[in-house]
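Asker: This is what each chain is made of:
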Amino acid sequence: DVKVTQSSRYLVKRTGEKVFLECVQDMDHENMFWYRQDPGLGLRLIYFSYDVKMKEKGDIPEGYSVSREKKERFSLILESASTNQTSMYLCASSSPRAGAFVTGELFFGEGSRLTVL
Amino acid sequence: AQKITQTQPGMFVQEKEAVTLDCTYDTSDQSYGLFWYKQPSSGEMIFLIYQGSYDEQNATEGRYSLNFQKARKSANLVISASQLGDSAMYFCAMRERGAQKLVFGQGTRLTINP
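Sequences listed follow chains A and B, in order. One point on numbering: in my numbering, the residue at position 75 of the first sequence is 75, and numbering is uninterrupted. One point on numbering: in my numbering, the residue at position 83 of the second sequence is 83, and numbering is uninterrupted.
Check each hint, because a few of them may be wrong.
Derived contacts from chain A toward chain B, CB cut-off under 7 angstroms, selection only [stated by the list, open to error]:
#1 38
#2 40
#3 63
#4 96
#5 110
None of these hints come from the bench; they were simulated from the model. Virtual Cβ for every residue (Gly too), placed ideally from N, Cα, C.
Chain A with its partners taken away, still in its complex shape (with noise of 0.2 angstroms):
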């Protein structure tokens, strides 16, 4: 069975503390994805990644960083948390050989809630 695991279903941390929400997925996929979810807001993108370190800025990159290593492993690394970032964060992969008969639609891991005190 295909999946994308999230190191942490929840946090809380401090504000000024740095944070790493780690995601791993085992389909062999090139595409990586972090994704911010906000009631009313829905899904926001943060940053993607290609390839091995390979990553583009999503629509709210401001405040986050990440690190692909590794093929299969994307980190999304809060520098130095702020209230404004307690959210839930989702990581999902996809294969770019999206074409007819793929969709390239995402599969996404259970969810990192994050609250930041």
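Dock chain B against the given chain A, drawing on the hints supplied.
Answerer: Positioned in the frame of chain A, the structure of chain B alone reads:
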């Protein structure tokens, strides 16, 4: 500009009734894909259905169908014979030509009443 719009923040439906969740989109591309995801209270995003912009038939997957009206730029999800387990958040999303990322709407919280 918002590319995906879901205008129903919440919907309440009686069990066994059909329900339509609205989604409109904005793109100048001719080639794009439309997706619906379900998110139960557990948090996991579950892929439900996909419609390609060149697909002539509306997509169907079991009790789910996508009412695709290209000229109106709408991609409504229809759930037939709703069940209590259908209670969840539902998100509409779009992938434009050449892009790998999905752009999501705000979501609709569906509650099925017994």
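Asker: Checking each numbered hint in turn, tell me which of them this model violates, lowest number first.
Answerer: Numbers 1 and 3, in rising order.
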